[in-house]
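Keeping the supplied structure of chain A fixed, place chain B upon it in accordance with the hints.
Number of protein chains: 2
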Amino acid sequence: MKKSLGAVTLAFPLPAFLVASYDPSGRPNIMTAAWGGIASSDPPCISVSIRPSRLSYDSIMANRAFTVNIPNARLAAAADFAGIVSGRQVDKFAKAGLTAVKSDLVKAPYVAECPVVLECELYKTLDLGAHTMMIGKIIDVKAEEGLAGEGSALDMAGVDPLVFNSGGDYHRVGASVGKAFAIGKTLK
Amino acid sequence: MKKSLGAVTLAFPLPAFLVASYDPSGRPNIMTAAWGGIASSDPPCISVSIRPSRLSYDSIMANRAFTVNIPNARLAAAADFAGIVSGRQVDKFAKAGLTAVKSDLVKAPYVAECPVVLECELYKTLDLGAHTMMIGKIIDVKAEEGLAGEGSALDMAGVDPLVFNSGGDYHRVGASVGKAFAIGKTLK
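Protein chains in written order, with our numbering: chain A, 1 to 188; chain B, 1 to 188.
Source of the hints: derived by calculation from the structure; they are not laboratory data. Be aware that a few hints might be false.
Just so you know, same-sequence chains aren't split out, so a pair can sit in one copy or run between any two.
Said to hold, decoys possible - With a cut-off of at most 25 Å between alpha-carbon atoms, the simulated SDA-like pairs for lysine to any residue come out as follows:
hint, residue 1, residue 2
1, 95, 52
2, 102, 150
3, 102, 63
4, 188, 27
5, 2, 25
6, 188, 101
7, 124, 41
8, 188, 53
9, 179, 157
10, 107, 158
11, 188, 61
12, 102, 129
13, 107, 23
14, 95, 147
15, 179, 160
16, 179, 158
17, 107, 26
18, 102, 181
19, 124, 58
20, 107, 155
21, 124, 53
22, 179, 5
23, 102, 144
24, 124, 57
25, 124, 148
26, 124, 5
27, 107, 51
28, 95, 129
29, 2, 72
30, 188, 73
Excised from the complex, chain A in its bound form (with noise of 0.2 Å):
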């Protein structure tokens, strides 16, 4: 039996990714967004959603670029302290102990201690009221060396990313279940 939550924002699993940018006076900033995902595959395309009232806005805006990190499981402290504190008040790069490197690609900075990094040029917007969609063409994917999958997939366990529970936690991606266009054929 299913109970009515009303017009809530959650789905399962969320990210918790980090979106890096150079404010607009140069300097690396980051905050964390659960509000996003893969948009296209061709171009490739990710999507973050971000207030307009935020540093990150006006940077995106500025520069036309930025960078989108997956933080693991280590990183749960740093991803949460860069949604609760703004880049306007505090350096959240050096707060959080992070490390920005600056992108050859793209006018943005990574996140040099995040496994998988997305480099992004801004590709299109798109206001929803709250929050408008960052829409980025990912430029190039670059990952830590050792965690290569089968095929063109990476290691799960090696990424180790953060699953983020609205209005609660954060979580590690646990067992396997089962390869992607195999296990759906037994039902054929």
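Positioned in the frame of chain A, the structure of chain B alone reads:
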């Protein structure tokens, strides 16, 4: 040391949403969408990206509504199946052993077996090339009774959602690593 993977569609975690709609002849249909996520807080919105060639694209455009259904680990084969066959050829609900329930709120069915379902009205679309983002205004979220967690969150182990590893496999969600809007305060 980071290694370049090129412009690929990788991010962590990715969902395996089951998007349900009535096809133009009124028959319930589902597809699997890994490209999507929450898009805005107010109005509460969720986005799923769909190729215009898909039956679900025509269905959602015709009815201006869809549901996003969160499969759990027990539904991994069904979720995979719904991504490898077309509703133009087979009745995916029947073949996957899933039950379509008529929503009272939007012109779309939802999946009885999924622990969490989001009923959505089509709010905006955005063409991104290979995929079009279908942005749904969340009208209601329904969850199985007994899934209530702390505060407004649902119990992650009870929901037991699938995580998609692009190019690889499906995973379950694992252990909690800390409370959101709390563990980051140690860095302040």
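Hints and how they fare:
When the C-alpha separation of residue 95 and residue 52 is checked against a cutoff of 25 Å, the pair qualifies only within one copy, where the shortest distance is 24 Å, while the shortest distance between copies is 45 Å. For a Cα distance limit of 25 Å, the shortest separation of residue 102 from residue 150 qualifies neither inside one copy, at 30 Å, nor across copies, at 40 Å. Within a single copy, residue 102 and residue 63 get their C-alpha atoms as close as 13 Å, which meets the 25 Å cut-off; across copies the closest is 46 Å, which misses it. Taking identical chains as interchangeable, the C-alpha atoms of residue 188 and residue 27 lie at most 25 Å apart only when they sit on different chains, with a minimum of 19 Å there against 54 Å within one chain.
For the identical chains of this complex, residue 2 and residue 25 are neighbours neither inside a copy (50 Å) nor across copies (28 Å), given an alpha-carbon limit of 25 Å. For a Cα distance limit of 25 Å, the shortest separation of residue 188 from residue 101 across copies, 23 Å, qualifies, whereas the shortest one inside one copy, 48 Å, does not. Both within a single protomer and between protomers do residue 124 and residue 41 lie at most 25 Å apart by alpha-carbon distance, with minima of 15 Å and 19 Å respectively. In this assembly of identical chains, residue 188 and residue 53 lie within 25 Å of each other by CA distance solely across copies; the values are 21 Å between and 49 Å within a copy.
When the C-alpha separation of residue 179 and residue 157 is checked against a cutoff of 25 Å, the pair qualifies both within a copy, at 15 Å, and between copies, at 21 Å. In this assembly of identical chains, the alpha carbons of residue 107 and residue 158 never lie at most 25 Å apart, being 28 Å within a copy and 42 Å across copies at closest. Within a single copy, residue 188 and residue 61 get their C-alpha atoms no closer than 47 Å, and across copies no closer than 27 Å, so neither meets the 25 Å cut-off. Within a single copy, residue 102 and residue 129 get their C-alpha atoms no closer than 32 Å, and across copies no closer than 29 Å, so neither meets the 25 Å cut-off.
In this assembly of identical chains, the alpha carbons of residue 107 and residue 23 lie at most 25 Å apart only when taken from the same copy (11 Å versus 44 Å across copies). In the homo-oligomer, the alpha carbons of residue 95 and residue 147 never lie at most 25 Å apart, since the shortest distance is 28 Å inside one protomer and 36 Å across protomers. Taking the closest pair of Cα atoms, residue 179 and residue 160 come within 25 Å of each other both inside a single copy (18 Å) and across two copies (17 Å). Taking the closest pair of Cα atoms, residue 179 and residue 158 come within 25 Å of each other both inside a single copy (17 Å) and across two copies (23 Å).
Proximity of residue 107 and residue 26 under a CA criterion of 25 Å is satisfied intra-copy only: 10 Å inside one chain copy versus 48 Å between copies. Proximity of residue 102 and residue 181 under a CA criterion of 25 Å is satisfied in neither setting, with 37 Å inside one chain copy and 29 Å between copies. In this homomeric assembly, residue 124 and residue 58 come within 25 Å of each other (Cα to Cα) both inside a single copy, at 15 Å, and across copies, at 24 Å. In this assembly of identical chains, the alpha carbons of residue 107 and residue 155 never lie at most 25 Å apart, being 29 Å within a copy and 40 Å across copies at closest.
With identical chains, the CA atoms of residue 124 and residue 53 are at most 25 Å apart both within one copy (18 Å) and between copies (22 Å). Only between protomers do residue 179 and residue 5 lie at most 25 Å apart by alpha-carbon distance; the minimum there is 21 Å, versus 33 Å within a single protomer. In the homo-oligomer, the alpha carbons of residue 102 and residue 144 lie at most 25 Å apart inside one protomer (16 Å), although the nearest pairing across protomers, at 46 Å, exceeds that limit. For the identical chains of this complex, residue 124 and residue 57 are neighbours both inside a copy (13 Å) and across copies (21 Å), given an alpha-carbon limit of 25 Å.
Within a single copy, residue 124 and residue 148 get their C-alpha atoms no closer than 31 Å, and across copies no closer than 37 Å, so neither meets the 25 Å cut-off. Proximity of residue 124 and residue 5 under a CA criterion of 25 Å is satisfied inter-copy only: 23 Å between copies versus 32 Å inside one chain copy. Taking CA atoms no more than 25 Å apart as the test, residue 107 paired with residue 51 passes inside one copy only; the shortest distance there is 21 Å, against 30 Å between copies. For the identical chains of this complex, residue 95 and residue 129 are neighbours neither inside a copy (31 Å) nor across copies (39 Å), given an alpha-carbon limit of 25 Å.
In this assembly of identical chains, residue 2 and residue 72 lie within 25 Å of each other by CA distance solely across copies; the values are 15 Å between and 33 Å within a copy. Within a single copy, residue 188 and residue 73 get their C-alpha atoms only as close as 37 Å, which misses the 25 Å cut-off; across copies the closest is 19 Å, which meets it.
Figure legend: structure checked against the earlier numbered hints; hints not met, in rising order: 2, 5, 10, 11, 12, 14, 18, 20, 25, 28.
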